[in-house]
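Visitor: In this note's numbering, the protein residues as written are 114 to 252.
Keep in mind that a hint or two might mislead.
If you anchor each label on the Cβ, the simulated ranges turn out as follows [stated by the list, open to error]: (1) 157 / 183: 24 to 34 Å; (2) 161 / 228: 19 to 29 Å; (3) 166 / 214: 35 to 45 Å; (4) 152 / 185: 14 to 24 Å; (5) 176 / 217: 39 to 49 Å; (6) 148 / 213: 15 to 25 Å; (7) 234 / 208: 20 to 30 Å; (8) 228 / 191: 48 to 58 Å.
Keep in mind the hints are simulated off the structure, nothing from the lab.
Backbone N, C-alpha and C define an ideal beta-carbon position, used for all residues, glycine too.
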Amino acid sequence: MNAPVSQHRDVMRSQLGRARGLGSGHSGTGHWIAERVSAATLLPLSGWFVVQMFRLGGDDYEEVAKWGGRPLNATMLTALVISSFYHAEVGLQVIVDDYVHGKAHVPAKFAVRFGTGILGVLGVVAVLKLALGRSAPKA
């Protein structure tokens, strides 16, 4: 009698996406917001840092160490280091997600996290050493 009616839905995907069965990962919004927020924190911190470096341009090591030992300056420097390396991690993570495929994807993500984490911790330790008055030994 009547043939069964098949419902056919057109899905807007590319042919390659249809073949692989891939769709949106739904994580791009979080990365996008994180990049924008970290960039927004870096704007005033970077401006402050540039102004301070021009102010300290001709000073010797002891003056710069004394400047870095002040609580406000140490706090601002720590915030700059943390924001910079977080922004770098988020940006590099997006690059890895977009351009590294296959078996190299997981190690590359780990390398980005580990590398930016270690460098960030070293930067914070350097600021803390400066703030706590543990300067380099004199030669």
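Visitor: Give a verdict on every hint.
Guide: Each hint tested on the structure:
no.: 1; hint: 157 / 183: 24 to 34 Å; in the structure: violated (18 Å)
no.: 2; hint: 161 / 228: 19 to 29 Å; in the structure: holds (26 Å)
no.: 3; hint: 166 / 214: 35 to 45 Å; in the structure: holds (41 Å)
no.: 4; hint: 152 / 185: 14 to 24 Å; in the structure: holds (23 Å)
no.: 5; hint: 176 / 217: 39 to 49 Å; in the structure: holds (47 Å)
no.: 6; hint: 148 / 213: 15 to 25 Å; in the structure: holds (18 Å)
no.: 7; hint: 234 / 208: 20 to 30 Å; in the structure: holds (22 Å)
no.: 8; hint: 228 / 191: 48 to 58 Å; in the structure: violated (19 Å)
Hint compliance for this structure: hints 1 and 8 are not met, and every other hint is.
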